[in-house]
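Q: Each chain, written out:
Protein chains: 2
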Amino acid sequence: MNREDLLFSIRTLSLSLDAAGFVSIAATTHPSDLVDALDTLSVDKTLPLLMMLEPQVRAELFAHFAEIRQDQLLAAMPREAVVQLFEHMPSDDRADLYNRLGEDAKQKLLPALTKVERDDILKMASYPEGTVGSATTSDYVWVSPEMTVAQALAHIRATALHSETVNILFVLDHTLRLRGTVALRDLVLANENRTITSIMHEQPVSAKAHWPRLQAAELIRRYDLLALPVTNGGDRMIGIVTVDDAMDIEKEQDASQLARFGGTVSGNGNDLDVRSTPLKQMFRVRVFWLAILTCFGIVTSTFVAAQEELLSQVIVLAAFIAPIVDMGGNTGSQSATLVIRSMALGELKLSWRDVWFVIQRELPVAAGLGITIAVLEAILAYFSKGVGMDVLLVVGSSMLVCTALGGIIGALLPFAARRIGADPATLSAPMITSIMDLIGVFIYFGFAYAFLGDLLIAAG
Amino acid sequence: MNREDLLFSIRTLSLSLDAAGFVSIAATTHPSDLVDALDTLSVDKTLPLLMMLEPQVRAELFAHFAEIRQDQLLAAMPREAVVQLFEHMPSDDRADLYNRLGEDAKQKLLPALTKVERDDILKMASYPEGTVGSATTSDYVWVSPEMTVAQALAHIRATALHSETVNILFVLDHTLRLRGTVALRDLVLANENRTITSIMHEQPVSAKAHWPRLQAAELIRRYDLLALPVTNGGDRMIGIVTVDDAMDIEKEQDASQLARFGGTVSGNGNDLDVRSTPLKQMFRVRVFWLAILTCFGIVTSTFVAAQEELLSQVIVLAAFIAPIVDMGGNTGSQSATLVIRSMALGELKLSWRDVWFVIQRELPVAAGLGITIAVLEAILAYFSKGVGMDVLLVVGSSMLVCTALGGIIGALLPFAARRIGADPATLSAPMITSIMDLIGVFIYFGFAYAFLGDLLIAAG
Numbered sequence: 001m002n003r004e005d006l007l008f009s010i011r012t013l014s015l016s017l018d019a020a021g022f023v024s025i026a027a028t029t030h031p032s033d034l035v036d037a038l039d040t041l042s043v044d045k046t047l048p049l050l051m052m053l054e055p056q057v058r059a060e061l062f063a064h065f066a067e068i069r070q071d072q073l074l075a076a077m078p079r080e081a082v083v084q085l086f087e088h089m090p091s092d093d094r095a096d097l098y099n100r101l102g103e104d105a106k107q108k109l110l111p112a113l114t115k116v117e118r119d120d121i122l123k124m125a126s127y128p129e130g131t132v133g134s135a136t137t138s139d140y141v142w143v144s145p146e147m148t149v150a151q152a153l154a155h156i157r158a159t160a161l162h163s164e165t166v167n168i169l170f171v172l173d174h175t176l177r178l179r180g181t182v183a184l185r186d187l188v189l190a191n192e193n194r195t196i197t198s199i200m201h202e203q204p205v206s207a208k209a210h211w212p213r214l215q216a217a218e219l220i221r222r223y224d225l226l227a228l229p230v231t232n233g234g235d236r237m238i239g240i241v242t243v244d245d246a247m248d249i250e251k252e253q254d255a256s257q258l259a260r261f262g263g264t265v266s267g268n269g270n271d272l273d274v275r276s277t278p279l280k281q282m283f284r285v286r287v288f289w290l291a292i293l294t295c296f297g298i299v300t301s302t303f304v305a306a307q308e309e310l311l312s313q314v315i316v317l318a319a320f321i322a323p324i325v326d327m328g329g330n331t332g333s334q335s336a337t338l339v340i341r342s343m344a345l346g347e348l349k350l351s352w353r354d355v356w357f358v359i360q361r362e363l364p365v366a367a368g369l370g371i372t373i374a375v376l377e378a379i380l381a382y383f384s385k386g387v388g389m390d391v392l393l394v395v396g397s398s399m400l401v402c403t404a405l406g407g408i409i410g411a412l413l414p415f416a417a418r419r420i421g422a423d424p425a426t427l428s429a430p431m432i433t434s435i436m437d438l439i440g441v442f443i444y445f446g447f448a449y450a451f452l453g454d455l456l457i458a459a460g
Numbered sequence: 001m002n003r004e005d006l007l008f009s010i011r012t013l014s015l016s017l018d019a020a021g022f023v024s025i026a027a028t029t030h031p032s033d034l035v036d037a038l039d040t041l042s043v044d045k046t047l048p049l050l051m052m053l054e055p056q057v058r059a060e061l062f063a064h065f066a067e068i069r070q071d072q073l074l075a076a077m078p079r080e081a082v083v084q085l086f087e088h089m090p091s092d093d094r095a096d097l098y099n100r101l102g103e104d105a106k107q108k109l110l111p112a113l114t115k116v117e118r119d120d121i122l123k124m125a126s127y128p129e130g131t132v133g134s135a136t137t138s139d140y141v142w143v144s145p146e147m148t149v150a151q152a153l154a155h156i157r158a159t160a161l162h163s164e165t166v167n168i169l170f171v172l173d174h175t176l177r178l179r180g181t182v183a184l185r186d187l188v189l190a191n192e193n194r195t196i197t198s199i200m201h202e203q204p205v206s207a208k209a210h211w212p213r214l215q216a217a218e219l220i221r222r223y224d225l226l227a228l229p230v231t232n233g234g235d236r237m238i239g240i241v242t243v244d245d246a247m248d249i250e251k252e253q254d255a256s257q258l259a260r261f262g263g264t265v266s267g268n269g270n271d272l273d274v275r276s277t278p279l280k281q282m283f284r285v286r287v288f289w290l291a292i293l294t295c296f297g298i299v300t301s302t303f304v305a306a307q308e309e310l311l312s313q314v315i316v317l318a319a320f321i322a323p324i325v326d327m328g329g330n331t332g333s334q335s336a337t338l339v340i341r342s343m344a345l346g347e348l349k350l351s352w353r354d355v356w357f358v359i360q361r362e363l364p365v366a367a368g369l370g371i372t373i374a375v376l377e378a379i380l381a382y383f384s385k386g387v388g389m390d391v392l393l394v395v396g397s398s399m400l401v402c403t404a405l406g407g408i409i410g411a412l413l414p415f416a417a418r419r420i421g422a423d424p425a426t427l428s429a430p431m432i433t434s435i436m437d438l439i440g441v442f443i444y445f446g447f448a449y450a451f452l453g454d455l456l457i458a459a460g
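Residue numbers (UniProt numbering), protein chains in the order written: chain E, 1 to 460; chain R, 1 to 460.
Only part of the chain E face toward chain R is listed, based on derived beta-carbon distances under 8 Å:
#1 246
#2 286
#3 298
#4 304
#5 333
#6 342
#7 376
In short, the hints are calculated from the structure, not lab data. From a predicted model like this one, the values you see are computed outputs, not experimental measurements. All C-beta atoms in this analysis are idealised placements derived from N, C-alpha and C, irrespective of residue type, glycine included.
Please put together the full structure from these sequences, using the hints given.
A: This is how it looks when you write it as structure tokens:
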């Protein structure tokens, strides 16, 4: 069913409250699409539809709603249904949901669950947000090294009904330590009587629960894994991160790169989201960066104001301040994004070798850009304002130096940011602008005094 | 083996040329890690090591080298080995490699291959770069709808040795049209005698070969697929895109988002890469954007120069031009990145409803930012330069209007960009700066004449 038809059906069903109809649609529609359609209804209209579903189906669908939406639906749900959710939701999604409950709600919920569920939730929910543990699901299948292929397959048939994935199976010894992995594919292709030990992949890639979750996603991408085993401090396996979760993690991280560059990330590391972030927080985070830029700008403008004498002699100098200092920031922005991008792709690291390499590459380009833009600006300045040769010299020379210097400094800033442990994308943009503004006015008026200083002497 | 040990071993082996040693390491090391280590050697030293491997192993390793490196190695390789590469490499990687050969080399290569290989290469290589087809591999396993589970498993065992993936199997009818998909997991869990038709997932998500490859990656991420079937114009299946390739596609795309915002993407859509892009191209692309900004800047500076009379009366006005017009660009940059990010995550679409929604959210924030920054600037201006009330009024009012307006315009620019079919990230940054510079000086001098105009009358 295409998008419009689905939307129409859902709207009709929400009015007619036709349970059989909705259950049927839910059975044949992918959760992502169904959630998109349901998102166009209010919570009051969505809930009755959800309650028409079997608990298992409802829980799987629920996990696909955005977190904000989940919280709204949960608040309106009868207690029975809430407990059922926690019984049937995938292990990692329900741990996240649990962490968003208030203390009161948590205390009410836990006694209603079985011990197995309670232990699982408490364990999975104990990992701080942003860690590998918080992205881990305990829904995986494990086998023993001594099993034969036939026994392993039988074990899978018996237990795998609700696992997140059985494409990769994890070989654990009796102490629950990870000994290897074996692909379902290998089990299917191998002779029945071989032992797991003889076909398993030893020394598998794994991640620790306390690592940043981005590291898990990178490992999955680098090694083309379907699922990454996660161990705790004692090397015991606690769960897995699946490749689909890895894709989502990377998507969020990369969406955040531009946000960090544009100064729209709050202190706790969360991107501002234009749709969902509370307006107060939006204001607070943005005003922080703008205020910083304003304060930096005061230094620059105070310096310019102090050049009153020279300016009053050559008013037209005022017209070129902005374009010249801007160009340093523009060029620096370009080289910074080049370096940030390569760092994000893992191509550049924080090493003197890479710094030197970048400088070698940027120097000729920045010089070339400086000369070209300086000539262009001088030509345009002459034809638009008819300024004299001496002012052209000032404008051209400053443009050249600012552009070239901006390029070099912009390329070095991401390295400097990482050196002090800050995020390159966050630090670079405001820093480039501010630094090049300040350097720019010094250079500009420096050349102005050099070429036009005689005017002051003459006047004074 | 950890990174340093591996590096040491590889270096030693490249000197001792110990074939057995290298083959053994290659067998126990993941290709990604081995390639990282080999990248530290020159091509002359890498090639002898590669030639120690069996053709199949060599081809799988080769596919992990960066494209530049692949081309260098290929050029140094004996012809026999080149043919072997094309015989054994994964179908999508070798199609890419084929497309990078010169016409001469292509003509020499094709006769040396079997017909099956030749047809496959020509077909897979025919899809333009950037399309789904160019990311497609023909290494997949298909089954017929009438097969039983037992027959399907037997078929897999017979044919699956070198398939990219058998976790998902594709159900094709006798005309090679895609009828459904079935997971290996489902085959393992189902009763042997059931037919494929009874357990397959009908109406599977698929992609057309001519679609942009990013669309394939998005489908894979949205529907949590392991492999996405790809069909041609006639609805016949030509291959699959696997989830690991989807992760790589998205990684490149997202790395490019920042590049586009920073003005470092060439006309053909390729990101500039600080390490590998030829310096001439680097210069050409960057000077293009900087020149555009310079030309826009001339309009602004010409206008400022024309305000000579007012400026000569109130020199200190010159000091505030840059901070005020900059703030419009800064605020606009923030709101633009917010909108671009949400667009990239699929949360905002090109629709009046979303435009209106964004304006509603941005208006109060932009107004609040405007007031706050205007007051801050006025205070700083007073204490740093001791300017009079009238100048403070000019500075404060312009700052307020520029900041607020910048925020609104910045939020709308990505929508405008998409409306004219341009990429929002590419268009927004230079546009914001230029537009807000121009609007900024108009507003600034507008207020200046309003509050300080009497000075001109008095003087004139």
